[in-house]
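> Quick note, the sequences are listed as chains A and B, same order. The opening position of the first sequence corresponds to residue 1 in this note's numbering, with each subsequent residue numbered one higher. The opening position of the second sequence corresponds to residue 1 in this note's numbering, with each subsequent residue numbered one higher.
None of these hints come from the bench; they were simulated from the model. Hints are not guaranteed to be accurate.
To be verified - Pairwise CB distance ranges (calculated):
#1 A:Glu341 to B:Tyr407: 51 to 57 angstroms
#2 A:Met238 to B:Lys423: 53 to 59 angstroms
#3 B:Trp403 to A:Lys353: 34 to 40 angstroms
#4 B:Phe116 to A:Met238: 27 to 33 angstroms
#5 B:Lys423 to A:Asn2: 32 to 38 angstroms
#6 B:Leu383 to A:Gln340: 46 to 52 angstroms
#7 B:Asn362 to A:Arg338: 36 to 42 angstroms
Backbone N, C-alpha and C define an ideal beta-carbon position, used for all residues, glycine too.
Below are the chains, spelled out letter by letter.
There are 2 protein chains.
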Amino acid sequence: MNIPQSDLPRVIVIGGGFGGVTLSRKLVKQNFQVVLIDRHNYHNFQPLMYQVATSGLEPDSIAFPLRGLVEDRKNFIFRLAEVESVEPVMRTLKTSIGEVTYDYLVIATGTKTNFFGNKEIEESAMSMKTVPQALNIRSYMLQNLEKATLTNDVEERKKLMRIVLSGAGPTGVELSGAFSEFKRGVLINDYPDLNPDHMEIHLLDGSDRVLASMSKKASKKAEKYLKDLGVEVHLNTMVKSYEREKVITNTDLEIEALTFIWSAGVIGNPIKGIREQSLDKKSQRFLVDRMNRVEGYDHIFAIGDIALMKTEAFPNGHPQVAQPAIQQGQLLVNNFKRIQEGTTLKEFSYFDKGSMATIGRNKAVADVKSFTLGGFLAWITWLGVHLYFLVGVRNRLVVFLNWIYNYFNFDRAARLIIRPYKKE
Amino acid sequence: MNIPQSDLPRVIVIGGGFGGVTLSRKLVKQNFQVVLIDRHNYHNFQPLMYQVATSGLEPDSIAFPLRGLVEDRKNFIFRLAEVESVEPVMRTLKTSIGEVTYDYLVIATGTKTNFFGNKEIEESAMSMKTVPQALNIRSYMLQNLEKATLTNDVEERKKLMRIVLSGAGPTGVELSGAFSEFKRGVLINDYPDLNPDHMEIHLLDGSDRVLASMSKKASKKAEKYLKDLGVEVHLNTMVKSYEREKVITNTDLEIEALTFIWSAGVIGNPIKGIREQSLDKKSQRFLVDRMNRVEGYDHIFAIGDIALMKTEAFPNGHPQVAQPAIQQGQLLVNNFKRIQEGTTLKEFSYFDKGSMATIGRNKAVADVKSFTLGGFLAWITWLGVHLYFLVGVRNRLVVFLNWIYNYFNFDRAARLIIRPYKKE
């Protein structure tokens, strides 16, 4: 790989998610050469991706070019590449565009969709971890609505219009909510010859509540909001198979639907070359100490979703959301300084700012400390927090403008089929 | 095709470009059932597409969902389909989604890229007639810049960074200008290890001036602006071949470039089933009378780029730009009223509002009546006119915001490779 020479120690950061971005931006101001590697040339603001999938926002406004991340590009190098493996002894990384050596390596590769080994579902279901996948959902739903206008067979129409989501975590809940808003706005306006009742939205989850990672109070509220919006919530229900456009569950529910979205979980996206003992098999996360060092290595760190730091408060690791990644990235910048100064590294301690999910217009839930907020207050908070964390002034302005427009017009302007989706 | 029954006479409009959109919007307010058919579900604002190709605007902000075109959707039906052929005697249209009968047919299918029969160039060159094509140009240029950072071989770098455009009409000129702005802003900021001089932009044209459809004064000004921006303009130069990433011209110029964009002309996009005598072979446009009736038919009309109306002032037909299409669409609405009232149809007379092209920041040319404007005044006029004609309030706001942002930041925020482009 063609990296400009420098006298500074080189830190390679793999992955431009929340952790990698926070770290790179700050570390470049210290005495380090920062090499950021990602398979995309943009940071993708995951928390708003469901709005791309449901025609509310343009993909460009939730993505930020990684090359534009820092002002001073002298000690910041971005490379578009797939990482193949690491050789810790040689401190060398192998990638699709060649080898590169490092002084320190930071793994911030995040997660991918977890299909729990079900190959059949992996091949036939849609998921939403990348921008192209979100665009596929948007196109496919719109294509199916167009097809629905062509038939008078009610069962056929319903099958085309029905949406089934497996997994009622934040992704499943926010997508279901946004689909029902789409149904109550765009569908009624744009498709006068379709019956909106035929667009059923089914949200399935194996546990006994939605948003199982939040408080019980928040789950209750969210479930009520979803039902108010017409979402059919099926709890204690797991998908057994999805074949010939039919979802079959362990409760013997059979739902015919062309659009089947898998949002049931994530699994780590580890890189090869790290010793086996340092990888947690089940979650595919790298075991790290309190300083985010991958167990058994001095010069390799892991932060964010890919890192499994077991503590008293979090025996199974931190929640796989933006905040721990951002905070670990911030701490690691300071620890890199301490390494240079030869002082003792600081241990990570998670400051829980709370968690939230939006269900629809004026409807959100938020857990902050021991309080649970709901309704309009939570919704407004949700909007503010997401605008604040969105990267880039332009993105914030464009998103804000779109939200105001959508809110007052009950509209979702990005309902375009730019690249039609074809099931394989 | 599944079209709701109605007592009103049915007008089928093929194509949601400027002509089809203007006509549909207004005709639906009269006593007609309007069926608009397009192969995309959006209207594409062609005049700003070059900004999508050069990372200045999101595709979603220059596209408008065709289903959202009219407020009262009762007498307006949109169908996403490819037209296969028309059977004038049976007044039937065959499409990819079945047959449909009409009382009146309006062909507004516009044009496609004209490769003048050169199959080899058709297969290897890029062009910019659709949104996905514009996105391909954006991705491909960015992918090649990423690749350029990986080599120290100067010739290889230049080949990756060089852009050759064949055809200096508005598309070629506006693209070249926008690429040089990209080079002077994003390239310098984002790629500190690349030499911006290596991103050569070559604009080729067979005639002796750029913008040959405009006044000589405008051509001169535009050529000067292009040269000031560093674009290498080659006049009286035609491309003979493009093989193995090398452009060869009739003047024996050889330019190695991965990005080769064909903007040398357009040709009509006719539909099958219309008698041969009514089609102009060379331009592939339908011959129409002064009322836009396709010659030999009472119930079939053609408007916009696909219509060839020979008049004293325009012996070779009207310019293939937005204004004639819009004005013919407007007139046809009134003529449909006259048909219903049984009064005489009115003849089309083109009101030339002028033509313009933008070359870059503060630089545009405009011909209005016998005046030629240039520089900042023309540029500001260009911005205003394009915002005005853009469909949809939201699109106008988002585009306006992006322009302001790009202007003050010398930035182009949409520099994202969302779907990498692969040459076939």
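> Hints first: check each against the structure and report whether it holds.
Verification of the hints:
Roughly 44 angstroms separates the CB atoms of A:Glu341 and B:Tyr407, a value that falls outside the hinted 51 to 57 angstroms. With their beta carbons about 44 angstroms apart, A:Met238 and B:Lys423 fall outside the hinted range of 53 to 59 angstroms. Distance hint check for B:Trp403 and A:Lys353: the Cβ-Cβ separation is about 36 angstroms, which falls inside the suggested range of 34 to 40 angstroms. A hinted range of 27 to 33 angstroms for the beta carbons of B:Phe116 and A:Met238 is inconsistent with their spacing of about 60 angstroms.
Between B:Lys423 and A:Asn2 the beta carbon distance is about 23 angstroms. The supplied range of 32 to 38 angstroms is therefore violated. Here the CB-CB span from B:Leu383 to A:Gln340 is close to 50 angstroms, well matched to the stated 46 to 52 angstroms. A hinted range of 36 to 42 angstroms is violated for the C-beta pair B:Asn362 and A:Arg338, which are about 50 angstroms apart.
When held up to the earlier numbered hints, the structure conflicts with 1, 2, 4, 5, 7 and fits the remainder.
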